[in-house]
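Line by line, the protein sequences are chains Y and Z.
Going by numbering that gives the first Met the number 0, the residue at position 61 of the first sequence is 60; the numbering climbs one at a time, nothing skipped.
Going by numbering that gives the first Met the number 0, the residue at position 170 of the second sequence is 169; the numbering climbs one at a time, nothing skipped.
It is possible that some hints are incorrect.
Repeated chains share a single entry, so a pair holds when one copy, or any two copies, can fit it.
What the hints assert, rightly or not - Each computed EDC-like pair below joins lysine to aspartate or glutamate, with the alpha-carbon atoms no more than 16 Å apart:
#	residue 1	residue 2
1	LYS150	GLU117
2	LYS24	GLU135
3	LYS157	GLU135
4	LYS150	ASP14
Note that these hints are calculated values from the structure, not bench results.
Just so it is clear, the structure is predicted and the values come from calculations on it, not from any experiment.
2 protein chains.
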Amino acid sequence: MATATATIRNGVNTDQLFATLDAIKADPSIARFQFRARNRWIAGAHNRSTIRDFYAANQEDTSRDGEFVVDAGEPAILLGTDTGPNPAEYLLHALAACLTTSLVYVAAARGVHLTEVESTLEGDMDVRGALGLSDEYRNGFERIRVSFRVKGDAPRAKLREVVARAQARSAVFDMVANGVPLSVDVETP
Amino acid sequence: MATATATIRNGVNTDQLFATLDAIKADPSIARFQFRARNRWIAGAHNRSTIRDFYAANQEDTSRDGEFVVDAGEPAILLGTDTGPNPAEYLLHALAACLTTSLVYVAAARGVHLTEVESTLEGDMDVRGALGLSDEYRNGFERIRVSFRVKGDAPRAKLREVVARAQARSAVFDMVANGVPLSVDVETP
């Protein structure tokens, strides 16, 4: 029993983690993933994404037993009725979630038991950009500040090293920091 | 009554929309916004953001009557238990939601009545990057494809113009396409 429980650290099955890394090293083709979202406009600033299927390990994934439904909106001052967080807030959430999961996985792999991980994120924006009132301001956040609070059974330097490694490997951190090539197609049936 | 109902287009109060633009032109200081998210790790790939307060129009907003709670997770193949969409999927959702709301607002301002707006987004990733197995692959998506399907009472060329304008002014499109300066602080109490 001690052996069985020892493989779970921070809620992560580290045996499975190392087995996954070995499997990818043996057959890199399984590392190709495609994630997807489908969105439908409802009214005004209210729209809804459904998220379920994705491609991984040379096949369509069938492990999810239902779709996730995520609603977006805008607060009153941005002409919405608060049907959900707004898109920029969802971007902050995506960034927080990715850094946190990366941090938790890195800690699990390195033998660090975490007891608390919290983060606050702030993004500053002058809405003259997105509202088309001025070209002096970009549409998105001018900057994003992320503040982590991390506790665990390792020395502070080790905890900071784990956060730094997570930042260096987070998928969403990379995308938000560096941008992604984007294409937009339009069908008007 | 005809006058009152005429101010709502695509679920957007266009009188309020134009009044907002005029108010910002008269006092640009109200265009400064700050959005926020707070995230807490729960276990493994499960973490949760709470989203409520933000700064706008020279004050803390008090219009929201509660906080939004958004859970993230990972599917089994990425060592999670599917407690929510994963962070990269949330980034796709943020992008879809922002482009859609921008499109709906632009159409409302330009007198275009929309009847349907749907989008599908796909992001391709080789997870050798994020898993730290290879420096030849970036951590995030190599590319994102967005496909819109838009119906309304305007000619196709006009609908395409509305989508192009939305893309040119979307906050999240800008951030994902061009990146954002990011800082990460760590507290280890």
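Here is what the structure says about each hint:
For the homomeric pair LYS150 and GLU117, the shortest alpha-carbon distance inside one copy (9 Å) is at most 16 Å, but the shortest distance between copies (43 Å) is not. For the identical chains of this complex, LYS24 and GLU135 are inter-copy neighbours only, at 14 Å across copies versus 47 Å inside a copy, given an alpha-carbon limit of 16 Å. In this homomeric assembly, LYS157 and GLU135 never come within 16 Å of each other (Cα to Cα): the closest approach is 42 Å inside a single copy and 27 Å across copies. Taking CA atoms no more than 16 Å apart as the test, LYS150 paired with ASP14 passes in neither setting, with 23 Å inside one copy and 50 Å between copies.
Of the numbered hints given earlier, the model fails hints 3, 4; all others are met.
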